[in-house]
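Each chain, written out:
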Amino acid sequence: MMLSEILTSAFFTSLFSGMLRITTPILFGATGLVVTNRSGILNLGVEGAMLMGSFVGFLVAYQSGSLWQGVFMAAVGGGIVGLLMAFMSVTLRVNQTVAGLAINLLFTGVTLYLYRIIFADFSGSILPNVEIFQAVHIPGLSEIPVIGEVVFSQQILTYIGFLFVPLVFYFLYRTKYGLILRCIGENPAAIDMKGVNISAYRYGATIFGGMMAGVGGVFLTVASAGLFMQGITGGRGWIVIAIVIFGDWKPVRIMLLSMFFGLIDSFSLQLQGVGINFPYQFLLTLPYVFTILGITLGGRRAGAPLALGVHYSRE
Amino acid sequence: MTEGPQLKRKWKWRFEKRDRTGPLIQLAALIGGLTGALLISAILIVTAKADIWLAFGSLFRGAFGGWYAFTQTLIQSTPLIFTGLAVLVSFKAKIFNIGAEGQFFAGAMAAFWVSISLAGFPRPVAVLIIVLASLFGGALYGAIPGILKAVLGVNEIIVTVMMNYIIQFILSYMISNHWRDPGDYYLQTAFIPENVRFPMVLPHSRVHLGFLLAVTAAVVIFCFLWKTPSGFEIRALGESRSASRYKGIDTKRIIILVMVISGAIAGLAGGSEIAGVHHRLRLDISTGYGYTGIIIALLGKLHPFGVVAAAVFFGALVNGSTSMQVSAGVPVALVYALQSLVLICVMAAEVLSQYRIRRVYDVE
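Protein chains in written order, with our numbering: chain A, 1 to 315; chain B, 1 to 364.
Hints listed in this document are in silico derivations from the structure and should not be mistaken for laboratory results. Worth double-checking, as some hints may not be accurate.
Said to hold, decoys possible - Computed spacing ranges between beta-carbons, pair by pair:
id, chain 1, residue 1, chain 2, residue 2, range
1, A, VAL146, B, ARG253, 53 to 63 angstroms
2, A, PHE11, B, TYR68, 50 to 60 angstroms
3, B, PHE191, A, SER313, 49 to 59 angstroms
4, A, SER66, B, ASP284, 29 to 39 angstroms
5, A, PHE11, B, ARG180, 29 to 39 angstroms
We put the CB at the ideal spot given by N, CA and C, even for glycine.
Only chain B is shown next, with the shape it has when bound in the complex (with noise of 0.2 angstroms):
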């Protein structure tokens, strides 16, 4: 018999994709990735000459330690939780509003001005009213880059960021201007009248309205995405605008209309922040929620529940932020650094997982 090349065998590392990831890969990326981001933020602390384990410590106790802790985290996430909804209703479409921010401002200018001519009204109905006013400020301002884009198709990312700066000078001259708090130096409004803002709603804390507003909100919403045929239209055309042309699907209307949602929910942020936080109109009541709405959109795998576990978790993060500054003298500007790094890094780890490493007995 004669003998061919010799065939060797032997043991080999495949870096292979897998057909699926199953959920247990999922929350082995999102781990992960918060491990990950984790780690790099450790760096920064240290860069920082700061206590890695002090600082983390101090962050987890601002945080959850105890009912005043609890509470504040609940407060921080509320405008969060409106926001990542906002970002979470146009990303399902496509659609990508980066103009949440402007939205925010834009509901609480609304909500500031009829707050002017609602001293007399019985609370249910100013707060009513103030909830109405955001949710339709915000509206106007999500239907202008919505009507450009539907109509004349115009990038819809370009103008609402534009619309974010344009709306930061816009208040700026009614608070210098219209507004100001008559005799106060400060750039701010006067309060607002005793039946306008926002109850309490948990005891022996300052959560207001606007968190049973957010997540009544998120449930709305997951109603609406996903069981209405308006909210399939919009998922829809998220997953294939061509498909859902070829199915009647009137892409014009569902884009204004996606716009005017994000833009509303946004707004009712705005709202939302004056009416149970601040009490008052400042140029300084949005810490860039509109933005980071983006990053838990993303994080919350544009599902609402996972929007607001998100929020709650990125809200956890800014308000044990203080606590880390004054124990361990890390800026809390960390914080930002860290809500993005913790998207990448998730970005990251789910792209990898979806390879692995097979060992095999193969020939050569």
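Only chain A is shown next, with the shape it has when bound in the complex (with noise of 0.2 angstroms):
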């Protein structure tokens, strides 16, 4: 184990740099989530939104030359799959676990088959691919060595992801439409009384975490990798869900799960750059081991709404 290659300047940029922009995916997601979970949605189906963004995405961005149209329809993508779990919980009251998986499951199988379909002339090694979303380079502050590297020249996407952080916990605790949004993942039969449309609010926490969950997973493709394939999302939208529980379902605790996450997964990478005697596969084990450990020592969450999970009805 090369130390002296480790404990170098380079070396702590891009694992902080790296950290940042791995974060994001599930920082979208997340964010998304804790919104989608106060409002009593469960929605284990984030795997499949986050999915779902990245294919359409990448798709819409391949069709149209435009990484933002892109982007949008990402979110236009996640936002489906978000309705159709708001339509399986709230007005179907279907088994909120049952629907998740299931609408995992369906839009694992969807995009697959879509993308057989569309790029079904492309063969052999040349996979279809477009050129990702450029580093922003913040002028003046981006010359700071190291610090300016990693905070101020990353994508356009995670300084986005990085403000909703603080406009969810704004309107999680500062609004009078967030109060009347936790107060029906708590208890929706006493806002009811009051006359508060709680399916449309269901709704709408539901199709706002699609949305996100969307937009994480468009930049795996349009923003990181520059292609989809099959599996792109390798388990992030669960590791979202175990990073809100995790985080007591409190934005700034989950933003600071998800770097830590992101520090993980990016201190393996770069492990695997510097070339240590250590099989990688077990590197590649690390985040998804954290994740067991992260939710094993949380011991029992406090936090969780109260109405999560909970089917309602008036009769």
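Fit chain to chain and form the complex, with the hints in mind.
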């Protein structure tokens, strides 16, 4: 193990720079899921929404040449998944765990199928790809050694992702609508008596969560890998769920946890790059192992919305 | 006589909840859901610029047209019966084991690992050891989330999904570094010895012992869940955890037992695929059997015989899909979307079937 290679500033720079980049999809998904969960909807279909976002976004970006159109349509795609989830949970009142699992599997199959049809002409080694987003270097600030590259030379979607954290925090805790949303998640019967349209809030919260997950997913294709492949989300949707639980449904905590997860993943990537005498497969398991450790050591979470996963109906 | 305000009587349509849904209604819901899924998949087929009738026709012929097709369907159903049963056992206790996929691989790896040293054994003994090894491997992998849930209350959904990913990497490591077929470029092991492979059980076919084991497992699970005290406790836990505890049922023990059994059956699925179909260990021996098992368990209404029926149905779909791709140009991936579609449409149909429309003569 070449310790001297690790303790360079270059290593730390790419470590933390990579951390913020890897955190972005998780952060989008988790910030969106907080809102959904706070309204009382479980939404285990986050993985499906992320996958849908990465596929739709990639497809649109590829065909239109515009990455931003891809991002927009990715949000729409994720929103559609959220809409289906809301329909099954709020209107049909199917068991939310089962609905989430079914939606995951459905969109896993659908995205693969559509990809195969649309890109049927590609064979062999040349995969369809797009030019990914360029990093945005904030003038002046990005010149600062180390911190400049880490914090002020990220992709624009990363900045947007982190911007959503205070936005969601403000919405949930400082606005009337956020308060109503949180009440719906705790005791829908009580707030129903005040004439609040519970279904509308739940639909909105779930669609928003789906849209955020979709944008998180498209980051993987349009701002990271540049192409789409089966399983590109790699279980991140599930890690998002774990982070929201472990983060006790508090946006700031969730942001920090997402960054910690990004650090682990970035660390394992950097180690692989440095060339350690350690089987790379075990480094790849690190994010998943840490998720299990996190959720095990986290203990029982007191912040869960009381009505999470519980159906509400007037009768 | 003074007249009060006139009351209008008229026929009205009312949308109301049924008191009970008889088997006829449930059957109608099932058929309705299947029809809905078929319609949506027809739309998907049209998107592929393929002929709908040709697609469905070749799908059906590929699944049931002739002895070879039929036996291939049975072979394809085998791992699905296993994983469906595995998920059934856990879901019956309201424990959501999403890790059947990982437990499948754990059983396959355990089976392969012992197969290396079984070269000289008589066949019945070798096969028995393989079965036991895959049961044990899956049970072990299922016990981990089970113990975490029982002792620490850890959410089993997250743990099992994470473990699905972890074992894929472990498998990749083992095949690349220790088990690789020497001189082979591909990431796969050498063939397992002849005496370890499952015998064929139907003439003129490749239907192997695994299928018989799967059907037997369905019967065993039925008897276990409905005719034994432990089975009762498992079902009781699923009905109401607090009531079970009140009755004195040791919930911790049941949780671990459920995960061990569930993991074991999924592990046997893996061993069966190794010993009966591929005869070697590779990275791609599962096409998402663990996840499909969830759909099958739910479609089978968490009953072993329902699971067998649903598994054969899905096995037919998978088997027929290759003919569909060849004859109609529809990618095989449609079938995986179709499987989830069937579940969602049937679930939606079931919810809708709880309501009925009645015409009543009512006052305004």
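Range hint 29 to 39 angstroms: satisfied by the CB atoms of SER66 (chain A) and ASP284 (chain B)? holds (36 angstroms)
Taking the beta carbons of PHE11 (chain A) and TYR68 (chain B), is their distance inside 50 to 60 angstroms? Check passed, 59 angstroms falls within 50 to 60 angstroms.
Can you let me know if the beta-carbon spacing of PHE191 (chain B) and SER313 (chain A) is within 49 to 59 angstroms? holds (58 angstroms)
53 to 63 angstroms as the expected CB spacing between ARG253 (chain B) and VAL146 (chain A), which holds or is violated: holds (54 angstroms)
Does the hinted range 29 to 39 angstroms hold for PHE11 (chain A) and ARG180 (chain B) at CB? holds (32 angstroms)
Hint compliance for this structure: no hint is broken.
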